[in-house]
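Novice: So the protein lines, in turn, are chains A and B.
The first sequence runs 1 to 518 under UniProt numbering.
The second sequence runs 1 to 474 under UniProt numbering.
Everything labelled a hint here was simulated from the structure, so no lab data went into it.
Everything numeric in this text was worked out from a predicted model, so none of it was measured.
Just so you know, not all the hints are guaranteed correct.
Simulated pairs of lysine-lysine, DSS-like, Cα-Cα distance not exceeding 30 angstroms [as the list claims (entries may be wrong)]:
no., chain 1, residue 1, chain 2, residue 2
1, A, Lys-249, A, Lys-264
2, A, Lys-265, B, Lys-269
3, A, Lys-54, B, Lys-269
4, A, Lys-292, B, Lys-269
5, A, Lys-124, A, Lys-482
Computed footprint of chain A on chain B, listed as stretches where at least three residues anywhere in the stretch have a Cβ under 8 angstroms from a Cβ of chain A [stated by the list, open to error]:
no., region
6, 86 to 99
7, 192 to 204
8, 327 to 335
For glycine and all other residues, C-beta sits at the position ideal for the given N, C-alpha and C.
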Amino acid sequence: INHIVHNGGLYKRPFNEAFEETPMLVAVLTYVGYGVLTLFGYLRDFMRQWKIEKCQNATEREEQKDFVPLYQDFENFYNRNLYMRIRDSWNRPICSVPGAKVDMMERVSHDYNWTFTYTGRVIKDIINMGSYNYLGFAQNAGPCQEAAAKVLSQYGAGVCSTRQEMGNLEKHEELEKLVARFLGVESAMAYGMGFATNSMNIPALVGKGCLILSDELNHASLVLGARLSGATIRIFKHNNMQSLEKLLKDAIVHGQPRTRRPWKKILILVEGIYSMEGSIVRLPEVIALKKKYKSYLYLDEAHSIGALGPSGRGVVEYFGLNPEDVDIMMGTFTKSFGAAGGYIGGKKELIDYLRTNSHSAVYATSMSPPVVEQIITSVKCIMGEDGTTIGEARVQQLAENTRYFRRRLKEMGFIIYGNEDSPVVPLMLYMPAKIGAFGREMLKRNIGVVVVGFPATPIIESRARFCLSAAHTKEMLDTALKEINEVGDLLQLKYSRRRLVPLLDRPFDETTYEETED
Amino acid sequence: AAGAGGQQWVLVEMVQAFYEAPAYHLILEGILILWIIRLLFSKTYKLQERSDLTLKEKEELIEEWQPEPLVPPVPKDHPALNYNIVSGPPTHIVTVNGKECINFASFNFLGLLDNEKVKSAAQASLKKYGVGTCGPRGFYGTFDVHLELEERLAKFMRTEEAIIYSYGFATIASAIPAYSKRGDIVFVDEAACFAIQKGLQASRSNIKLFKHNDMADLEQLLKEQETEDQKNPRKARVTRRFIVVEGLYMNTGDICPLPELIKLKYKYKVRIFLEESLSFGVLGEHGRGITEHFGINIDDIDLISANMENSLASIGGFCCGRSFIIDHQRLSGQGYCFSASLPPLLAAAAIEALNIMEDNPDIFQTLRAKCERIHKALQGISGLKVVGESFSPALHLQLEESCGSRENDVKLLKRVVDYCMNSGIALTQARYLEKEEKCLPPPSIRVVITVEQTEQELDKAAALLKEAAQSVLN
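Next comes chain B alone, as it looks inside the complex (with noise of 0.2 angstroms):
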């Protein structure tokens, strides 16, 4: 009864104050609860960010507007048009545009490419299942073959487990986006290969390159990674980092040091990708790679990524690690959730190339003293630097001295390449994508060593090469 009375009570004040009031005083609230009425319902108003065009100007820019051209035209002449054609397998004897050359160039390390038992093991898989996979993984695409490949290779590179992918190129490309996000952090080395770079690229993480094989100047960096870390904590504890370097490198045929690598990572909470492409099959007493050339604990690599197109000698590559680790690939890898799977027979030819590997140990020394044997031959040309370790398969041969040019210094290369060819060695520049490099490595001719070649073709190919220097860039 009180409540409803001051209702009342406020209810007669408020009349009597209105009829108090001066007119005046009415009046501007009348005009103000009429200008909030219009304001409540007014249109919005609409930030002038397009200009208004006519439709008549909108139709003559749409005419007067003209696209580039969908491609570049390309020169004639440009070194990459025209490739190589080989007729017949790719061996230790190959036919290089009609003419017999023993190979110099196919990474075929372990001469796996035409071994008769890799050959019927991938015939009987053709035999029971066909030649393609018909769909991905997750869709009937997961063959036993499969299975039994990932086990062998997590058997044989002793980690819990292995995830093979396709396609070499795919494999480390889809690895690094999976784990590394945007806001992370990825010290890489500067001659780490184009797969890599564009696996980075795809992760939309911070990249810092380090100096190749400067563990000095990746410290430097870690260094002022911590004193940033230091300014925001918080940042800190959800970015993760990442340090991606290759076992052998691609483009300058040495090897990372990685008991430095190890130390760093734990003194700086780094996690480490390890790229074996070249390094699996080749170093190591039984082939396992830089780990056990150097003896670590593989535990103490997070991934290791190598493509089966080297060594094995098949298509298709893999990434090996810890369950905890590589299970998290099958669904966020690209590249393996959303492409078939690898062909079975593809799948047994390296399951049988891994048995050859397993009991034939002796093949990686043979190969390494090959390749120290051809590294010592190759030294002393005039004009031509070898650039590589001396236990490595796949080495370069640049130019001592550049004559000016990029251009040049590939074309005076080519004429060393078919000067060779022309005697019997089929030898091949090393490609690259010039605009697209980050670090683009000066143009070299490659040399591959496979364990086929005997020791006279091995100084037949050096003393060549000595001549084809003499004679072109004297």
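Isolated chain A (complex conformation) (with noise of 0.2 angstroms):
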């Protein structure tokens, strides 16, 4: 499926969203292959079970084994026999900060995966494309860091109260007072933690004879949240715009359901970029139809806030659009600021019911003041404020990272999924044999990715997902893609079936954004 959308003036720049069908013969195999696996999970259990080979599964303690047992022995059967066999490529522990560059502690294992010891070796200077680190703001010196070693010294590191309580420190005001000005609404509000934010946030604002309408892919924090809440909840189809639309028109004229009472708010949830696809909302078309339906937008810019727009300042930048348009917009510090936390941001009067009514003002310690400096400190960083232009840089050496990062992928002959636009980049591995051997081949070669598989993405469907960073050089990338080629090879991983012609190799393109007319 291939999106370019001009959509009647909605759009200001064209909107190249694609995601190529899995080719018939690799889903065939891939399906092959889990049912290898799962064969050969249940013989492995069976002789577990008749003790011919040694359970190393932490097991209940003998005074409890007459309690109802904890977990059903089916729930673990993907965890015992699929995940634990190439369990190596997740949770990686580093040690230092995590860069473009990262040193990670050498582990192995000698019972398969079961148990890890580590070598006491560091590999160092691993090519990190799998850290949230869009705008290279984690580092470990510079004006930054030096703002929060001097406010570590003056505050410490704890809060020990919450915001309503004894935890409202001036700080925290003042960063607030920057996220409003920076997002272009009227107030804002700073949490600890970006799950919480949304799981914490979403039940105060809508209830029970609300209606939530949820994108299909959305991140479990607004999935809890929603749950929570004690709405209604509807799922459309990822970024489909006909599904959204249906969606409504049903709900506003059937209204709840049986009673037929009309409902009292309806909320559209949807994500600036979608962390797993790469993709980026519609967010023009959500608006429309948000404003023909009257009902209220709650966006989501984890990952897409530092990282879409001229200027850094999001998804709304990205399009063009108004920030007022959007009643909530949400966000994360933990990806693009290099610090820990949420925001949300809107009207006055949302913004003060949040603070007397949010779970996480009443009971959740605040922010810790270090952390809050790193943000202020960025925040000013990307808008020049600190008289410097390294934030405008350094958004530009991030778009113009995307993009050629992407171009030449599709050169090589991968499945990219997402929008050319979305630093999130996607790349199809299908196989579940695959994932750990694509893990592992990198790692060998000094480059540290991230790869997933089932339960966070459709069974068949198991990606390696690279986050570019503007810290990337252009080696870097190049050494990276040379890996990736070869690794590619090496593992048959090219599985496009349509090549793009390959550009000369020209130098970055400036006018990577051009003037949008306002």
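Both chains come to you apart, so use the hints to assemble them.
Specialist: Okay, structure coming up:
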């Protein structure tokens, strides 16, 4: 499926998203692979049950053997027999700053991944294509770190109280004003954890009698927040505006199920960039629909804030839209700002309501001061208020890196999902064995990648996901591309049936972002 | 040959019967066959579940529908709208709204918030790792500091394994739904904190509340469940049961009767989850919490969860227990798998705080002595009663007699708090979400005792509270 949209003037620049179909042979072989693994899984479970093979799982205490079993055997089937084989691709421990290059602690397993031992050696200078470091603010030196160090020595690491009690520091107020200015909204509020921002604020905004329309591929935090709120949830197909419009029409015309009463509110939950697909939400169309059907929009910009838009203000700026059209702008500080936490921005009434009714303000400890200082410094840097053009340069660099990397991978013949401009690049692997193989081969060549399989993705669509960063130089990208090419040939990953004609290797295009008409 | 012959014979018989049948019989059969063919090919019969609205009517409905405003307006004098602004670090002497006060409101029990050693450990970590981890634990977000902290916590609590979360609230709220699913039964104390309530809501299990610290009530509920089980033993064999209690309750300041709970656990075969946010680093000879306080074998408790935001003066939380239990959360704890890991500087601060706790085991006794002192001093204030154990560092002061409505009680307590703030003691009211709590505690003033407060300061605070109560409530 390939969408290139110039939809009736709503889009000011081409919206180029592609999700190439799985080749039939590959799909069949993937199912065969899973079938073989399942059979062997049953065999091994049988052997473990009859004590032919040693069971290396942790077991229940002797005194509690007659309690109801805590886990169902089948629940852990996938864990024991499939995940355990390739477990070394995840939870890799690092021991340096998670920048463009990272040091990893070497670990080996002598019993097929059941236990790991650390050899004590450190693998140095692995090119890091897995950390969410879009603008390269994960640094252990520089103005951000110095400011954070100063605040740390003055304030200490913790706060020991909630926002509503004794935990509201002046720093928090400063941060919130700055974030509101950065986003172009009236007011903002910051929280200590991005996941908790969603799961604790959506229940405060909607309740029973309201309707939530949520995208198919929304993040676990949005799903949890929607469930905890008690509202009715309906799911529309991923980024599919016809599906959303149909649901909206049906909802308003037919009202609540069975009682037919009108809905109190309708809330649309979408994300800026979907981290597993690399797709960008069709924001102009969503806003047009939202206005037509009088519903509210909750935009989760966890991955897109700082990473999209000519000055890094996120997906709203990328499409040239007005931030006041989005009712609730939510985002996290973990990805592009190199800190931790989340925020919600919007009108003053909304934020006042959240200050009094958000679960986090009443029961959860406020943000740690050095983390707050890191965010303040990095936001000022991106906005250019610290007197340099570092922020602007980084945003440009990220856009160039994205375009270059995606183009080269497509030319090599891999299947890449997602939008042309998204710095999250999923490369399809499909077969379960290739998940482990890809991760290990890339590590041998000193490149750290993230591989994802079931249950984070549909069962046959496992992928490797690259997260580009403004800190990656062209040399690093070229090295990485060379190795990916090699491994791709080795593992036969070049599934794409549409080959782009390779462009002559020309220097970066300065006009990556054309002036949009205001 | 016989078979073929037999078949032919049947066919001949059929054709003969066809010719000899009466006309009406043939016509009837023909009509029936045509009817069957029609039924086979006609469209399936749709139930009229949607009324047939015309396009114009639908558009009118869409035009007419008016949603509620996104948020209801908040009155300007809402008690929680204007926060206290703290300038500078919220340590022993805190500057609140411009006034310097002695801090009786931050949960900084062991005074580690501005400890120099903790700060320098955090500084070293900051220089090495920067601030953020830029990823969840599964994707290059696991640092050696995290692994070290987990090991140290497990060793300190004498369990097999520990797992850390990056947010205190999310710790118990992610741990409970990882084990308890739809159809399981959880017995929880009425005074459980909000994080536990959210964890239970996310788990979709059957919740049974028992009266606060009332073991007889709990046993009653367990017995009822047992009789239910006997009616349906197959279902009982797969229904997991849990008891969720707190070591030191945040809402009431008293402790749970753990030895009786352990007896109930083995009698009725329920697992115990213990939330030790306030008792970790406070109770017990070495600060290991309520299990050390009662001298109970730690393996008897299935899961201990605590947050590091009180005694350890850092951010985040941890769960500890046997590997059999804790390892499960590494793949099913939502707040662990889908969220970025704890910033390394906060983990380093927690490690250093643990070092200090291990090196100075006498601070726990000092803290408890201070708590007893102020508990005694606060007795006998007319109009306010002290709620909480004598050795609990987080007490509540509730009105002896309510004025009628919660709103007025809150206003009255605010006046007491303001009086104290103006005279140099920083206090706060305990904050709750009134509409969301299952069992809303009465309004109260929170008094927090830390090891840094001197005896004069404790006496001063008690005297000031007496004075404030006198002037405001009488």
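Novice: Decide, hint by hint, whether the structure agrees.
Specialist: Each hint tested on the structure:
{"no.": "1", "hint": "A:Lys-249 to A:Lys-264", "verdict": "15 angstroms, holds"}
{"no.": "2", "hint": "A:Lys-265 to B:Lys-269", "verdict": "45 angstroms, violated"}
{"no.": "3", "hint": "A:Lys-54 to B:Lys-269", "verdict": "28 angstroms, holds"}
{"no.": "4", "hint": "A:Lys-292 to B:Lys-269", "verdict": "57 angstroms, violated"}
{"no.": "5", "hint": "A:Lys-124 to A:Lys-482", "verdict": "19 angstroms, holds"}
{"no.": "6", "hint": "86 to 99", "verdict": "holds (count 8)"}
{"no.": "7", "hint": "192 to 204", "verdict": "holds (count 6)"}
{"no.": "8", "hint": "327 to 335", "verdict": "holds (count 6)"}
Checked against the numbered hints given earlier, this structure breaks hints 2, 4; the rest are met.
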